[in-house]
Amino acid sequence: MSSPAKDVESTVDKPPQRALSPEILAAPIVIADDQEINLKLIGAFLRQAGYHNLTFALDGEQALEAIAAKTPVLLILDIMMPNLSGLELTRMLKSDPSYADLPVLVQTGLSSAKDRIEIFEAGATDLVTKPINGPELISRVSTHVERRLLIKSLTEWRQRVRSELIAANKMQLELLPAGDLLAALKRDHGIDIASRFISSTEMGGDFWGVMKIGPDCVGVFIVDFTGHGILAALNTFRLHTLIQGMEQVPASPGEFLGALNARLKQLLPLGQFATMSCFYLYPEAGRMRWAAAGSPPPLLRDPAGGWTPLASAGVPLGVVAGTVYPTSEAPFPKGSLLFLYSDALTEAELPRGRLGEEGVLAVAQGIDMKGSMEDRLAGLIAPLKGREGSLDDDLTAIAIGNV
Amino acid sequence: MLGIEIQDDSSRAALSGQLVFSENLAFRQAASRMIASKRKQLVLDLLNLDFIDSAGLGMLLLLREEAMRNQQEVVLSNAQSQVKRMLEISRFETLFRLQS
Numbered sequence: 001m002s003s004p005a006k007d008v009e010s011t012v013d014k015p016p017q018r019a020l021s022p023e024i025l026a027a028p029i030v031i032a033d034d035q036e037i038n039l040k041l042i043g044a045f046l047r048q049a050g051y052h053n054l055t056f057a058l059d060g061e062q063a064l065e066a067i068a069a070k071t072p073v074l075l076i077l078d079i080m081m082p083n084l085s086g087l088e089l090t091r092m093l094k095s096d097p098s099y100a101d102l103p104v105l106v107q108t109g110l111s112s113a114k115d116r117i118e119i120f121e122a123g124a125t126d127l128v129t130k131p132i133n134g135p136e137l138i139s140r141v142s143t144h145v146e147r148r149l150l151i152k153s154l155t156e157w158r159q160r161v162r163s164e165l166i167a168a169n170k171m172q173l174e175l176l177p178a179g180d181l182l183a184a185l186k187r188d189h190g191i192d193i194a195s196r197f198i199s200s201t202e203m204g205g206d207f208w209g210v211m212k213i214g215p216d217c218v219g220v221f222i223v224d225f226t227g228h229g230i231l232a233a234l235n236t237f238r239l240h241t242l243i244q245g246m247e248q249v250p251a252s253p254g255e256f257l258g259a260l261n262a263r264l265k266q267l268l269p270l271g272q273f274a275t276m277s278c279f280y281l282y283p284e285a286g287r288m289r290w291a292a293a294g295s296p297p298p299l300l301r302d303p304a305g306g307w308t309p310l311a312s313a314g315v316p317l318g319v320v321a322g323t324v325y326p327t328s329e330a331p332f333p334k335g336s337l338l339f340l341y342s343d344a345l346t347e348a349e350l351p352r353g354r355l356g357e358e359g360v361l362a363v364a365q366g367i368d369m370k371g372s373m374e375d376r377l378a379g380l381i382a383p384l385k386g387r388e389g390s391l392d393d394d395l396t397a398i399a400i401g402n403v
Numbered sequence: 001m002l003g004i005e006i007q008d009d010s011s012r013a014a015l016s017g018q019l020v021f022s023e024n025l026a027f028r029q030a031a032s033r034m035i036a037s038k039r040k041q042l043v044l045d046l047l048n049l050d051f052i053d054s055a056g057l058g059m060l061l062l063l064r065e066e067a068m069r070n071q072q073e074v075v076l077s078n079a080q081s082q083v084k085r086m087l088e089i090s091r092f093e094t095l096f097r098l099q100s
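Taken in sequence, the protein lines are chains P and L. For reference, each letter of the first sequence is one residue, going 1 to 403 in the working numbering. For reference, each letter of the second sequence is one residue, going 1 to 100 in the working numbering.
Hints were generated in silico from the structure; no laboratory data involved. For glycine and all other residues, C-beta sits at the position ideal for the given N, C-alpha and C. Among the hints, a few may not be true.
Stated by the list, open to error - One-sided and incomplete, this derived list gives chain L residues near chain P with beta-carbon spacing under 8 Å: (1) L25; (2) D53; (3) S54; (4) A55; (5) G58; (6) E65; (7) E88; (8) I89; (9) R91; (10) T94; (11) L95; (12) F96; (13) L98.
Said to hold, decoys possible - Derived coverage of chain P by chain L (criterion: at least 3 residues anywhere in the stretch with Cβ under 8 Å from a Cβ of chain L; other residues may be distant): (14) 95–106; (15) 215–227.
Same shape as in the complex, but just chain P (with noise of 0.2 Å):
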């Protein structure tokens, strides 16, 4: 231990080198030294520049206490002190993931590269040598304060926003059809339908619903907004409100994109569209009807097991005002099987490439048609499999049966 005397080099009387903010200056800070002086003479200068929270420790164990009760955003550490050294203090510090992050700055006379190799690796973030330098004190307390704070900050935004995307992409899944509503539509008119829903690394601009239109028909609808992230994400909600607005249901699926289409073209800004593809089903009669707005091709399976990709051709939604989706007419009998998916399905990278138009409907062809819908559709999307948690977009699935 070197003497205190030869510990002080600078006076204290020197100004500090730049201004520092009143939330850095009341940053808690913990000095552990065993020579009194020298808590004096960091203090000192420490005060000198600003910093008033300040807590001092005589000894390892001293500081390990002030460090639980204090949890500072610097700890500044002599090395050589009774009872708990400063080297098995970091060490435990870091091994500790309630302290692993706290900056340790350790002053030390010990000057050979050997020695302050053995500091670092022991975890410290910084040295300052002895005879301490008042100035430099400063500056490099100051800048781990600084750095501190503001990863702290960064961290509570970051699972401020996280914790935010989380409730916001739970009130996007409410706004998918309700599983009573879809046990009511079995019960009531033989529309059997399972769907998936995988979200991709963020929110995204997928939507589909249901809808009871008559006695005798129900509408299913698909939806996707271009990109992803929050802003499409907002898109879904703006159509379930124009959805849920409606007065009354257009009389086919081509008036309705038409009104979609109207709305959509004042609200999106230029370049956002959506594509969309709208069915009315009519179970007892074993007919549909539909339009489309540029989707990919939803696959309609007959009851003899052949599949015809639908025509899904037109302008999406939102992009010229007053275009006009003609609606198209298909059997849809007992035993059908209609198929709806967002594009995520045919633009997923597989290992072969992208799946595809062709791809889609070659999976399809080949699905084992026995077992629950949720079977039938898992077959569908089963290139997926085991590739949920890395889509580059959405994915809505939906399998329809006329059961």
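Given the coordinates of chain P, work out where chain L should sit on it, guided by the hints.
Below, chain L alone, put in the same frame as chain P:
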């Protein structure tokens, strides 16, 4: 990756690779240069463009909008496979001049 090769007097650009959301900035910069050429017809050569997603279609629509404001016309030429299919399914022939 998107490749953009601006040709002639900036009224023509050849795209290669993928036109997706992450290429937004590069595409917009190229689009501004094309608009600034003041030529009546702006041609995007899509021969070597392998893939376009809905965000890519949105970028084409932005270019179209900007061109229309300046009395210019956007021509999409030589679209292949998936890109061609995406233009068809979105009925872009009603919005752009398509050329093969």
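Status of the hints after comparison with the structure:
1. Look at L25 of chain L: its Cβ only gets to about 13 Å from chain P, farther than 8 Å, so that hint breaks.
2. Interface restraint check for D53 of chain L: the shortest CB-CB distance to chain P comes to about 6 Å, inside 8 Å, so the restraint holds.
3. Given hint, S54 of chain L at the interface with chain P, holds; its Cβ is 5 Å from that chain's nearest Cβ, closer than 8 Å.
4. Taking 8 Å as the C-beta cut-off, the interface hint given for A55 of chain L holds, the closest approach to chain P being about 5 Å.
5. The beta carbon of G58 of chain L comes within 4 Å of a beta carbon in chain P, closer than 8 Å, and the hint placing it at the interface holds.
6. Interface hint at E65 of chain L: satisfied, since its Cβ lies 5 Å from the closest Cβ of chain P, which is below the 8 Å cut-off.
7. About 6 Å separates the beta-carbon of E88 of chain L from the nearest beta-carbon of chain P, less than 8 Å, and the hint is met.
8. Nearest Cβ of chain P to the Cβ of I89 of chain L: about 5 Å, under the 8 Å cut. The hint holds.
9. Residue-level restraint check for R91 of chain L holds (minimum Cβ-Cβ distance to chain P is 5 Å; threshold 8 Å).
10. Here the hint on T94 of chain L is kept, as its CB sits about 6 Å from the closest CB of chain P, short of 8 Å.
11. With 8 Å as the threshold, the beta carbon of L95 of chain L comes within range of chain P, its nearest partner Cβ sitting at about 7 Å, so the hint holds.
12. Nearest Cβ of chain P to the Cβ of F96 of chain L: about 11 Å, over the 8 Å cut. The hint is violated.
13. The beta carbon of L98 of chain L is not positioned within 8 Å of any beta carbon in chain P (closest approach about 13 Å), and the interface hint is therefore violated.
14. Under a criterion of three residues with beta carbons nearer than 8 Å to beta carbons of chain L, the stated coverage of the stretch 95–106 of chain P fails, only 0 such residues being counted.
15. With 3 residues carrying a beta carbon less than 8 Å from a beta carbon of chain L, the stretch 215–227 of chain P meets the three-residue requirement, and the given coverage holds.
In the structure shown, a violation is registered for the earlier hints numbered 1, 12, 13, 14, in ascending order.
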